[in-house]
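*Asks:* The chain contents come next:
Protein chains: 4
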Amino acid sequence: MIEASGGNLLQAKLSYGMIGGGPGSFIGDVHRKAAAFDGNCMLVAGCFSNSYENTLQTGQSLGISEARLSENVYMMAHAEAARPDGIKFVSITSPNYNHYDAAKAFLEHGIHVVCEKPLVFEIAQAEELIALAKAKDLLFCVMYSYSGSPMMREAREIVRSGKIGTVLTVVGEYAQGWLAQALEKSDQKQASWRTDPSIAGISNCIGDIGSHIEHTVSFITGLKIKRLCARLETIGLDRLLDTNASVLLEYENGASGNYWASQIAIGCDNRLVVRIYGTKGAIEWYQEDGNYLKVTYLDQPTQIFSRGNGYLSPAAANRIPSGHPEGYYEAFANVYNQFTLALNKKIAGQTLTAADLDFPDGDAGLDGVKFINACVESSKQDASWVHLGL
Amino acid sequence: MIEASGGNLLQAKLSYGMIGGGPGSFIGDVHRKAAAFDGNCMLVAGCFSNSYENTLQTGQSLGISEARLSENVYMMAHAEAARPDGIKFVSITSPNYNHYDAAKAFLEHGIHVVCEKPLVFEIAQAEELIALAKAKDLLFCVMYSYSGSPMMREAREIVRSGKIGTVLTVVGEYAQGWLAQALEKSDQKQASWRTDPSIAGISNCIGDIGSHIEHTVSFITGLKIKRLCARLETIGLDRLLDTNASVLLEYENGASGNYWASQIAIGCDNRLVVRIYGTKGAIEWYQEDGNYLKVTYLDQPTQIFSRGNGYLSPAAANRIPSGHPEGYYEAFANVYNQFTLALNKKIAGQTLTAADLDFPDGDAGLDGVKFINACVESSKQDASWVHLGL
Amino acid sequence: MIEASGGNLLQAKLSYGMIGGGPGSFIGDVHRKAAAFDGNCMLVAGCFSNSYENTLQTGQSLGISEARLSENVYMMAHAEAARPDGIKFVSITSPNYNHYDAAKAFLEHGIHVVCEKPLVFEIAQAEELIALAKAKDLLFCVMYSYSGSPMMREAREIVRSGKIGTVLTVVGEYAQGWLAQALEKSDQKQASWRTDPSIAGISNCIGDIGSHIEHTVSFITGLKIKRLCARLETIGLDRLLDTNASVLLEYENGASGNYWASQIAIGCDNRLVVRIYGTKGAIEWYQEDGNYLKVTYLDQPTQIFSRGNGYLSPAAANRIPSGHPEGYYEAFANVYNQFTLALNKKIAGQTLTAADLDFPDGDAGLDGVKFINACVESSKQDASWVHLGL
Amino acid sequence: MIEASGGNLLQAKLSYGMIGGGPGSFIGDVHRKAAAFDGNCMLVAGCFSNSYENTLQTGQSLGISEARLSENVYMMAHAEAARPDGIKFVSITSPNYNHYDAAKAFLEHGIHVVCEKPLVFEIAQAEELIALAKAKDLLFCVMYSYSGSPMMREAREIVRSGKIGTVLTVVGEYAQGWLAQALEKSDQKQASWRTDPSIAGISNCIGDIGSHIEHTVSFITGLKIKRLCARLETIGLDRLLDTNASVLLEYENGASGNYWASQIAIGCDNRLVVRIYGTKGAIEWYQEDGNYLKVTYLDQPTQIFSRGNGYLSPAAANRIPSGHPEGYYEAFANVYNQFTLALNKKIAGQTLTAADLDFPDGDAGLDGVKFINACVESSKQDASWVHLGL
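Top line first, the protein sequences correspond to chains V, Z, D and P.
Each residue of the first sequence is one higher than the one before, starting from 25 at the first, in this note's numbering.
Each residue of the second sequence is one higher than the one before, starting from 25 at the first, in this note's numbering.
Each residue of the third sequence is one higher than the one before, starting from 25 at the first, in this note's numbering.
Each residue of the fourth sequence is one higher than the one before, starting from 25 at the first, in this note's numbering.
The set of hints was computed from the structure by calculation and includes no laboratory data.
Check the hints yourself; a few may be wrong.
Unchecked claim - Sample of chain P residues at the chain D side, in silico, Cβ under 8 Å:
1. K57
2. S185
3. G347
Claimed, not checked - List time: in silico DSBU-like cross-link candidates among lysine-lysine, alpha-carbon distance up to 35 Å:
4. P/K248 <-> V/K209
5. P/K404 <-> V/K250
6. D/K213 <-> Z/K304
7. D/K209 <-> Z/K404
8. P/K128 <-> P/K187
9. P/K128 <-> V/K209
10. P/K209 <-> D/K213
11. Z/K404 <-> Z/K213
12. D/K128 <-> Z/K318
13. Z/K304 <-> P/K304
14. P/K404 <-> V/K304
15. V/K404 <-> P/K304
16. P/K248 <-> V/K213
17. V/K304 <-> V/K209
18. V/K209 <-> Z/K404
19. Z/K318 <-> P/K213
20. P/K209 <-> V/K248
21. D/K304 <-> Z/K213
22. V/K250 <-> V/K209
23. V/K370 <-> V/K209
24. V/K187 <-> D/K128
25. D/K187 <-> P/K209
26. V/K187 <-> Z/K209
27. P/K160 <-> P/K128
28. P/K187 <-> V/K404
29. Z/K318 <-> D/K213
30. V/K250 <-> P/K209
31. Z/K187 <-> D/K128
32. V/K404 <-> P/K404
33. V/K304 <-> P/K160
34. D/K209 <-> D/K128
35. P/K318 <-> V/K304
36. D/K187 <-> Z/K213
37. Z/K187 <-> D/K304
38. P/K187 <-> V/K213
39. D/K304 <-> V/K318
We put the CB at the ideal spot given by N, CA and C, even for glycine.
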């Protein structure tokens, strides 16, 4: 039987499983709420923690049958692939170090994948997963959630349609202040794993939030990074990974960019700001005030585009009227909605168009890995220029 | 079996039914998503429209069994009350004229009620429903959704704890611009019913959005209105109900207030602003930027409280970190979460505390009805002073 | 010889005198700096205080010859009128109670007048001064300084040209918090005289700052007030005059308005906000952020007009490039510049056009007096409707 | 005789002369108004243009005696030094290429100097001027006008007193959009000279506005730049000098910095933003909204300091009450006031304290020259690290 909830016109909900999202996790619950938002999905299986006991506890609290709770990703991938009613896709929400193994396991078993960013540590790993998904004809979504914001869509529409002319320079920042304190010395799980190289990988700040700048700019502009010089710093407190990062970039079209990411900027919450300056106009988007987009054309007043208004392009999704803020969950939900609608069509044997596939994919994930690796490499060389992908 | 989704630690989801929320409705889907948000509820029955055909269509799209779809509220209340697995509560999301009949029907059949605001047209109706709920020992929630915003909770905590001293004056506004055009002449359903006295009742603007000011101020301050003078206007376009309203108020403690509500204020989306000025400090809350609260104490700089930060009181609910905006849906979801957790306790036979019952109730609905009626009465008398409840 | 300073193309500076502006005054020094700003004027005479000793002290500090310092306004008007090199105009910057006597004395002696607002206490007094200025063919400027703001000029241009259609409703506020404390009990001169009816007149709050709302709206829209109901309150502290005021207005064209003025609104500095909503658009101007003007046309994004940009109308004066803020002094200086350029033309025997005379005049002052009197009268009658000018 | 105007308690006005400020200039008139603002100065001599005809015209319009108008800086310095009533100081407001010659000429003749920034082209030139001023015991002010903003003073007080702990990282930007068009091809004088290396020197963007970031950060923090890597770009239009610049910096104390300056950022007016992040707090200052300062301490809400309020330190100068904006002219005027008060004391033979000398001086000018040269040098080397002063 089909349960009723948020509700689009679906004949059946897609069953899915989750990796990560156990006790103390943050992003797992966000994924669950976002996946449920439009009533397209049903969580029926999981490996929520490295500790099976924790997985059982979380699974029970979510009402999941113990038969669908697994000790590790391999066992879960195998078990679900073997069931006639096995999950249609998996959401990987565990910390970074686990992404590659998990994604590979499910792709190999023919199960579609949604994976948190940053995708993996190594470029080769990302390329392998992309190739695997392609070979198996599977959907592979990398959760750059801000791409689900309607005003990001509007920004992309404006820039890609040429309304601001040729992009000349880009300024991006993502500033947080939460790691100005040594939260990892208390039992704050988010701080603990992000500052631990064995879990977070080669980078903390540029990997966790710098990569959001990278994707946001790429999403809006389509610009490819040619080379960059980066300075990653661990400042204020003794840590093994970067907490502050500055990057100068050169894109393949000759445009320039500056990115700054920080986790020690007191007073900043999640201040992702992307500003794109072109020959004929400019746009500015502030994630924390993300229902609005500033657009300025040459010799004209700045215009404040407000989500939900009739003057916006169809590109800007529109759940509720303007002035009723949509936020973090809704952006995730928009990506899930896009992904699950595409997956439904795919399962129904329909041909997927580019519009159907308009969610961040493995290539976006690969770009992120290249970016992070180049930043780390450049920083090791005292902020020398490093070409992407090398 | 229990389906897994958003997920708190629940042993079983509460089944509920819905009135309204059929094709073309706006608020019904918001209620469905909000009720589903924390995984506490399951929609299993409905009378989504005056047209049974529409109800069937909506029900089918939501995967609801035809046996649980009803032609009218009376049949539905009767049927659900008769089932062993009948709904535990009903959400009334239909236009205003229907609230009284629907709420009464379900309360009479012993079913708990969540009802959209404004509650009903007449003070006597509101009092009757409150008495009925009390007599039947039923929970009765009136959906003033902004009360679910964490920063509203913080504002209430600050004001009620005396931090800003005695409240001296209050300024409230709710400005929209959408009815600056005759949308009701196209087939915009929201505009059509709100401008039609047979559906909306004695007021449009002061009833629909003015009542939000009234409740927000009441929620934060606890002030009771003693008397008011109001000017309701129908301006710009030929209509039968008000689209612009100005109110001077006197509260029982002697404080004064000014409210302004408009639906013809071009450039305004849903600009609900409440400002409370006391002897020792002041707070200001802007719904459209609702993750923040401005707090100023005498001779000190204005402080910007940002949702999700550690310096906030426990009163401010905290789903996600600061800087990741929560919005419209989350406010509704917070009210539903509060209501359903209370209902679960009640069903489990536990005693409900004031903290459990911290959602807008029938009394809040009654206050709204009194306010609207007094405004209409005062306006008929050329904005003379009218005492509340007379 | 002609001294060089700020410098427009003037052959000679206009000599002027000042009433008020002695020790402890605030606005006198603002007038002096503003009058000097464009190098058009030269202060050569004064009666800066009721105490001649204070006048001598201030005069000496300003380098004014003792022969030009007077004991009272009558002696000064007489003496200056008698000198071949007597002052060309006088600036009256003393507290309210002194305006009528001073303005009358100088007008009677054929000396042009700039007078602070509110002009006088009584309507008849204002009418008398206007008639006197007319009979004597003298320029008579009432210093509503905000009218000198370039973006106010732009606002007027937009509204008067019909770009926002017919004005439907107006919302104005002027909120301050400085009188939330009993500053008058210390030796704060500004607080002392403003809360003293013998000096400030029949009103404090509505007279001092409410009148700025009145003039700003009038300046931008040209709307005449037909009737109003007002509630003036003395709240928070024991005082003889109002510190908080709410007004509902009806303009002669049928448009409606709401004004709120307060001096006890903690957290507010000089928050003058004027919002004009028409059938085709709306404008909003925030004095504290006064280099910008928000303009919204139906179904279009809000535009942020920024002072100094090329897309503005010629109406917006333009001293310095956009993004370099002009503020309080510059607004005063713009009024003085307009007034003194007109006066120069007049002295040179040229005919003055309406454009030359584009500064607030006696009629603007009279409107203010009518407004204040009506507010006080209405408030005495428990906020009943009172027609203007009665 | 002493003329009366804006007026502090001065016995005599300082007479001064001006270089630059002829027809079509922008900054010359700003200097004149700022110097006149507090009534301390009197412009009596000038060489306003390379064209003597233009100098005569400007001089006449300003009422300056022809005897005090000179054909070039050498003749003027010589003539003024020879007069018993010669100017006490000179203000150099001409384009960059002229600064060195002019400053040298007046210093050599024993005349105090105020000079626009950037001071000169070469480090050696700056050092020579500083040494010359020292040898002659002359005051030497370099007009970094933003240092006159009260909230910059407050920022300096907060940072230098250690309230935000050790500075960890600094983010500065100065974004303009005016050169997104080829204004230099019309007869826009500001654009023409700034894009011409023979007049502007080795840099346009980093020299003109990047140097403001450099000084602002230095002024607030006292940090000295150790090394930097810079990318100067000429983008969008064919030009000889940079219009967009990105700089990574390392300060001597180990802190890091990022600066971005642009003249092609459409939608930006004069967006100078400086953000200082320390171990215990952070400050942010936006020049365009410069009456406010954002201050955040660890685990506390962001506070909005508003100029003119009692909670500010004495460091924040306070002309007018909070909420009445001070702007561009007032910042210049504050520097002039500081400089002329010091000069008066010096002329009176009093000892000058550090507080007296609290205006940007030759050393500040030298730091700017070093910064600009290092940026240009680094950019030539593909943004390699370059140490300052080499």
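*Asks:* Check each numbered hint from earlier against the structure, then list the numbers of those it violates in ascending order.
*Replies:* 2, 7, 8, 9, 10, 12, 16, 17, 18, 19, 22, 23, 24, 31, 33 and 37
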